[in-house]
Amino acid sequence: MNGQIDIYGVFLPALLVLAVIAYVLSRQASRVLARTGFYRLVWHRPLFDAALYVVILGLLAWITRGY
Amino acid sequence: MKLSLAASGKMLLTLAMVGCAAVLGLHLWSYYMSAPWTRDGHIRADVVRIAPDVSGIVSEVLIHDNQTVEKGDVLIRIDPERFRIALDQAEAAVAGAKASLDFAKNELDRSDSLLNSNVVSVSRHDELQSNYRKADASHQAALANLDQARLNLERSTVVAPVSGTISNFSLRPGSYATTATPVAVLVDAQSFYAAGYFEETRLPRIRPGARARIDIMGASAPLYGHVVSIAAGIEDRERSDSNGGLANVTPTFTWVRLAQRIPVRIGFDDPEAARQLIAGQSATITILEGDDAG
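For the protein sequence lines, the chains are A and B, in the order given.
For what it's worth, the numbering used here labels the leading residue of the first sequence as 1, then goes sequentially.
For what it's worth, the numbering used here labels the leading residue of the second sequence as 1, then goes sequentially.
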C-alpha cells in the first residue's frame, strides 16, 4: 500500500488510485444491490452507500498492503 | 410491532455496515497518518572530491567516466618533470649543506684541541661553535626541503583514497590541474545508506535498530536495513538571524502547517546489494513493526 503507481512517469500515491477503483466498485455493487432489491432492507440508503465505499476502500488497501 | 421489528432490523443492518466502515476507515487513517513510512526517501553515499595536492599539467589520465576503482589505484599523473628537477635541486642543496657542516665540524674539533693550550681565544671558539650549529641547522633544513621535494614528486601521482566509482569525469591530458581544485568525484562504495525524511509526527514510532524496508523507485524487489540513527537537528526555517545579531523571526500566522521532515539514517543489511545502488535514487522507506520486524 505504501507503493506508488507509475503512470507514464507520473508517480501517484497508491491511495489515490485505490480511491478511484473503490468508487467504481462501490457504484457497481450498489447497482447490483438495487437490482436484487437489497435496499428494501436498508434504513438510510446514502449512509449505507457511504459506508459501503469506505469498506471497499479499506478492504482494497488491506489486500494490497504488501505491494 | 411487526413493523417496528422490521424497521429496527433495517437500522441494525445499516449501522453494522457503518460500524465496519468506521473500523476500516480508522485503520486506513492510522496507517496513513502515523505509521512510520515515507515516500520521501533517498539513497545517499559519501563522495570524495579528488583534488591534486600539487599544481601542474596533467600528463596522464588512467581512468574514465563511471569507472570502478580500488583504493590505491592511480587516477591521474601530473607532469613530474618539474618535481624531479626540484628534487635534484634539493639533493644538491643537501650536499652543499653537508659540506659546510663537515667544514664547521672540523674547525670546531681543531679549536677544541687547541683551546686548553690557550692558542685559540674563547671568543673564537664560541664563534666556531656557533658556526657549527648554524651549519647543522642549514643541513637539517636542506634535508627537510629534500623530503618535501620527494613528497611533491610522490603527490604528482593522484591515487584513489577509497574504493568506489568515478562519476561525472571529463578531465583530459594537457589540462592544467590546480592544487585543491577538484578534478574528479569518487563515490565511496562502502558508504551507501538510505536517508528517510520522516514527518516529525511519525518519529515516536521510530527507534534506532528498528528494521526497515526500502523500496527503490523502479526496482522490483525491496531491500532491507536497520535504522542507524536519527538526526539531532534541522534548520529552523522561521528564523534567519546570524551569530551575534538579534533574533530575526519571520512573522507568520498560518492555518495550514506542515510537519517538518527529519532525516533518519538507515544502513543496509546486505552491503553487496547496496553496491548496485546509485546515490540520489528515490525510495519509499517503511519502518517495520510487530510481526514484520523480525
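Don't take every hint at face value.
For the chain B half of the interface with chain A, some residues (derived, Cβ under 10 angstroms), not all of them [stated by the list, open to error]: (1) 5; (2) 10; (3) 14; (4) 15; (5) 18; (6) 48; (7) 50; (8) 51; (9) 221; (10) 224; (11) 228; (12) 277; (13) 278; (14) 279; (15) 282.
For the record, the hints were derived by calculation from the structure and aren't laboratory data.
Every value quoted in this text rests on a predicted model; they were computed, and no experiment measured them.
Every residue gets a Cβ at the ideal spot worked out from N, C-alpha and C, and that includes glycine.
Indices of hints not satisfied (ascending): 1, 6, 7, 8, 9, 10, 11, 12, 13, 14
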